[in-house]
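Student: Listed here are the chains, written in short residue letters.
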Amino acid sequence: MKYAFYPGCTVQTEQFGYEASVREVLPRIGVELVDMEGTSCCGFPAFSSVYPSAWYYLSARNMAIAEGLRLDLFPLCNGCHMSFAETKHHLEVNPRTRDSINKDLKKEGLTYTGSVRIVHILEILHDIVGVDTIGASVIRPIKGLKFATHPGCHAIRGGELKHTDDPENPQKLDDLMRALGSDVMDYPEKTDCCGSSLAIASGKTTLLIAGEKLQSVRKFGFDGLVTVCPFCFKVFDNRQRAIQAAMGDRSLEVPVFYYTQLLGLAMGLGPEKLGLDLNLSPIDFVLEKVLEG
Amino acid sequence: MEGSVLVIGGGVAGLQASLSLANQGIHVHIVEKAPYVGGVMAQLDKTFPTMNCCICILEPKMIECYRHPNIEVHTLSEVVDVDGSKGRFAVRVVQRPRHVDPSRCTRCGTCVEICPATVPDDFQTGFESRKAVYIPFPQAVPYAPSIDEGACNHFKGGGCRACEKACPVDAIRLEEGVRVSTLNASSIIIATGFQQYDPTEMGEYGYNRYENVITSLEFERLISPYGPTGGELERPSDGKLAKRVAFVQCVGSRSHREGVGVPYCSGICCMYTAKEAVTVKEKYPSSEIYVFYIDVKAFGRDYQGLVNRARDELGVDYIRGKPGEIRENPITKDLYVWYENTDTGEIGRKEVDMAILSAAVLPRFENVRLAGALGVDLDEFGFFRVEDPFLGPLETTREGIYVCGCSHGPRDISDSVTEASAVALKAVSDIRIATGGRGG
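Protein sequence lines correspond, in order, to chains U and V.
Those letters in the first sequence? Residues 1 to 293, per this note's numbering, in order.
Those letters in the second sequence? Residues 1001 to 1440, per this note's numbering, in order.
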């Protein structure tokens, strides 16, 4: 399995722990990541409401680079994944837009044909590598801990597109956590937004939305929250102190992890290889418990 | 009078049409697919708006049909082919074996007791299990067991003959086979009824995922005195009495979503929901009942009165808004119903013990095969197409074949019965014409 790897701006500029853990664990389960030369911004989903053609162009440009490598495209960020998946769909049903984008891409010697497949990390782990293979890579199971899963809305959002998981009842991340030996359980707020799309318009609202979710995670007795989206992680982990302030609840502490960090721990890798020192939420208790077995 | 009429379906519409004809001296064949007559109405608790016991109204009709000298009831039977034309149809009917001889059976129940095979009881909408040899409900007509081949160990190759050995009167007929016969009829009446939409595909409501989200038909069994809980509203997850109940209207009907549900209104849900809400409130006056609706269609005589009674006298909370989502507390199994109240514009959440989905009325899937056998058309949804909704509202696209009840669209019991009586007159006219006006 070989993919054109597109980490995306959020991961490359601040979510180093995600990239570090992904580069560490994926090759160990047979996934080869090929770095792409000359990529640009994915287009950014929010940009689509102000300047859709620029969004399609930027998105198609990256997909054209992946097509040049004759590889399927693996964006690490849920937002980038959505940009690519939606643009691919849009250009399929609107060939005229595709032709005009290709005129611009030609200046750089690029062509977008639509042959590229966009794969999400949940698909790679759950559908392609498979839960069994992942389970077989585990030498230090994450036992006695119960995790709330948060796949992130961009990955499962409904609509005409083929979804990464069932938008109403996402279960793939839960399956993947069970493969590590962890307990999982559905909770009512599971598919709730992390709030990050409101961060620019109303930062306080973002924190309150995220806070309600963290409260639910606490209420149902979870030991931590696990996600695959850098935007969601950024809110729940990096902004957890601000969430506590907004909610007026200093005790609202929830350890937050990327799935690939927990997978790495379960594979027996050390925390330093997985960027765990970059998690800002209080993960020490969970970490000790996992490392002690 | 000469000639016979063949009625397909032994639900309330089919029974009513048959009785109307038989009481005029006309011979009737009822062809019923199930081992018993009664149809969906036999599963229902009460009628609306009169709040009468369904089975108490239906049971006399079931028995009268079965005992009527002019009616032959063919259970376990299906129409496979029709020859001829109006006035002289030759109808080929395949009858699956009952494997129990009703004329010998004394209804002692020994076979049911000894049978080792258990399957979900479809009459009780899966809330209970039953044996492979069974009588579905106490008022079943004919009141004799039948053997469900799909469930029976003998027919699944296990060679079991436990019931045959145990039967004290030698009434078990394991070797009985399929019978094909040709019945003559001057006209045919289709009364195949409906089936309820399975809301599983509407993932936002969690049906089949959350135990305490059920359909209205399942609710009818739960509240029925001869249902699985003896009529107490004990919720499926833990048997706790459900005192906070949400009814959700238009589930799968009036759908705008491509590939999900059906676009038409199911016609009956507003009223049966009012009836169900009243039933719960009368039984448990302290309960909290919410009805989530788009709009209330109470068009019949006294129908609005029942809705008013539920809302104004009994305090059922009617909230205008279709819930966007139902969620479950994984520990208590209580449900959260999220909605927008479109009267006030407020977004709200109600915590309830149980949610009941008013799932759409669908045509029976068997209509497709039956329409082929009868040589008549279906409409775009799978209901039987009528010639003209005004000039021939009960006439199919083939002369001499008629429809009544839910076979051609959603209808309540009273409309089904009215149509059944009307369609009988059509059949009488055909016989008169066929016999040169001598009949009657």
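Think of the hints as simulated: they come from the structure by calculation, not from any bench.
Treat the hints loosely; a few may be bogus.
To be verified - Listed below are several chain U residues computed to face chain V (Cβ distance under 10 Å; list not exhaustive):
1. 2
2. 46
3. 47
4. 67
5. 89
6. 167
7. 188
8. 189
9. 191
10. 193
11. 269
12. 272
As the list claims (entries may be wrong) - Below, in silico cross-link-like pairs of lysine to any residue (SDA-like), each with a Cα-Cα straight-line distance of 20 Å or less:
13. 219(U) - 1322(V)
14. 1333(V) - 1209(V)
15. 219(U) - 1350(V)
16. 146(U) - 1331(V)
17. 1333(V) - 131(U)
18. 146(U) - 1243(V)
19. 162(U) - 1331(V)
20. 162(U) - 1203(V)
21. 1333(V) - 108(U)
22. 219(U) - 1139(V)
23. 162(U) - 1322(V)
24. 1046(V) - 1168(V)
25. 1086(V) - 188(U)
26. 219(U) - 1333(V)
27. 146(U) - 131(U)
28. 1322(V) - 1264(V)
29. 1156(V) - 216(U)
30. 234(U) - 169(U)
31. 1322(V) - 146(U)
32. 162(U) - 1260(V)
33. 162(U) - 1330(V)
34. 1243(V) - 1338(V)
35. 1086(V) - 287(U)
36. 219(U) - 1331(V)
37. 1333(V) - 234(U)
38. 1333(V) - 220(U)
39. 162(U) - 1377(V)
40. 1333(V) - 161(U)
Because the structure is a prediction, the values reported are computed rather than measured.
From the three backbone atoms N, C-alpha and C, an ideal C-beta is built for every residue, glycine too.
Student: Determine for every hint whether it applies to the structure shown.
Tutor: Hints versus structure:
1. 2: 34 Å, violated
2. 46: Check failed: Cβ of residue 46(U) comes no nearer than 23 Å to chain V, outside 10 Å.
3. 47: 28 Å, violated
4. 67: 31 Å, violated
5. 89: Since the shortest Cβ distance to chain V is 16 Å, the answer is violated.
6. 167: OK, holds: residue 167(U) within 10 Å of chain V, min 7 Å.
7. 188: Nearest chain V Cβ about 4 Å off; hint holds.
8. 189: 8 Å, holds
9. 191: 9 Å, holds
10. 193: Since chain V brings no Cβ nearer than about 13 Å to residue 193(U), farther than 10 Å, the hint is violated.
11. 269: With a closest approach of 31 Å, the residue 269(U) hint is violated.
12. 272: 35 Å, violated
13. 219(U) - 1322(V): 28 Å, violated
14. 1333(V) - 1209(V): 11 Å, holds
15. 219(U) - 1350(V): Within the cut-off at roughly 18 Å; holds.
16. 146(U) - 1331(V): 14 Å, holds
17. 1333(V) - 131(U): 28 Å, violated
18. 146(U) - 1243(V): This hinted pair is violated, its Cα atoms lying about 32 Å apart.
19. 162(U) - 1331(V): 32 Å, violated
20. 162(U) - 1203(V): 16 Å, holds
21. 1333(V) - 108(U): 58 Å, violated
22. 219(U) - 1139(V): Cα-Cα ~49 Å, so violated.
23. 162(U) - 1322(V): 26 Å, violated
24. 1046(V) - 1168(V): Violated, because 38 Å separates the two Cα atoms, which is more than 20 Å.
25. 1086(V) - 188(U): 60 Å, violated
26. 219(U) - 1333(V): Holds, because 15 Å separates the two Cα atoms, which is no more than 20 Å.
27. 146(U) - 131(U): 18 Å, holds
28. 1322(V) - 1264(V): OK: residue 1322(V) and residue 1264(V) at ~16 Å, within 20 Å.
29. 1156(V) - 216(U): Roughly 49 Å between the alpha carbons, so the hint for residue 1156(V) and residue 216(U) is violated.
30. 234(U) - 169(U): At roughly 24 Å apart (the allowed maximum being 20 Å), residue 169(U) and residue 234(U) break the hint.
31. 1322(V) - 146(U): 34 Å, violated
32. 162(U) - 1260(V): 16 Å, holds
33. 162(U) - 1330(V): 28 Å, violated
34. 1243(V) - 1338(V): Distance of about 18 Å is within 20 Å: holds.
35. 1086(V) - 287(U): Violated. Residue 1086(V) to residue 287(U) sits at ~82 Å, over the 20 Å cutoff.
36. 219(U) - 1331(V): 11 Å, holds
37. 1333(V) - 234(U): Violated - the C-alpha atoms of residue 234(U) and residue 1333(V) are around 32 Å apart, more than 20 Å.
38. 1333(V) - 220(U): 12 Å, holds
39. 162(U) - 1377(V): 36 Å, violated
40. 1333(V) - 161(U): Status violated; Cα separation ~32 Å.
Hints 1, 2, 3, 4, 5, 10, 11, 12, 13, 17, 18, 19, 21, 22, 23, 24, 25, 29, 30, 31, 33, 35, 37, 39, 40, counting from the list given before, are not met by this structure.
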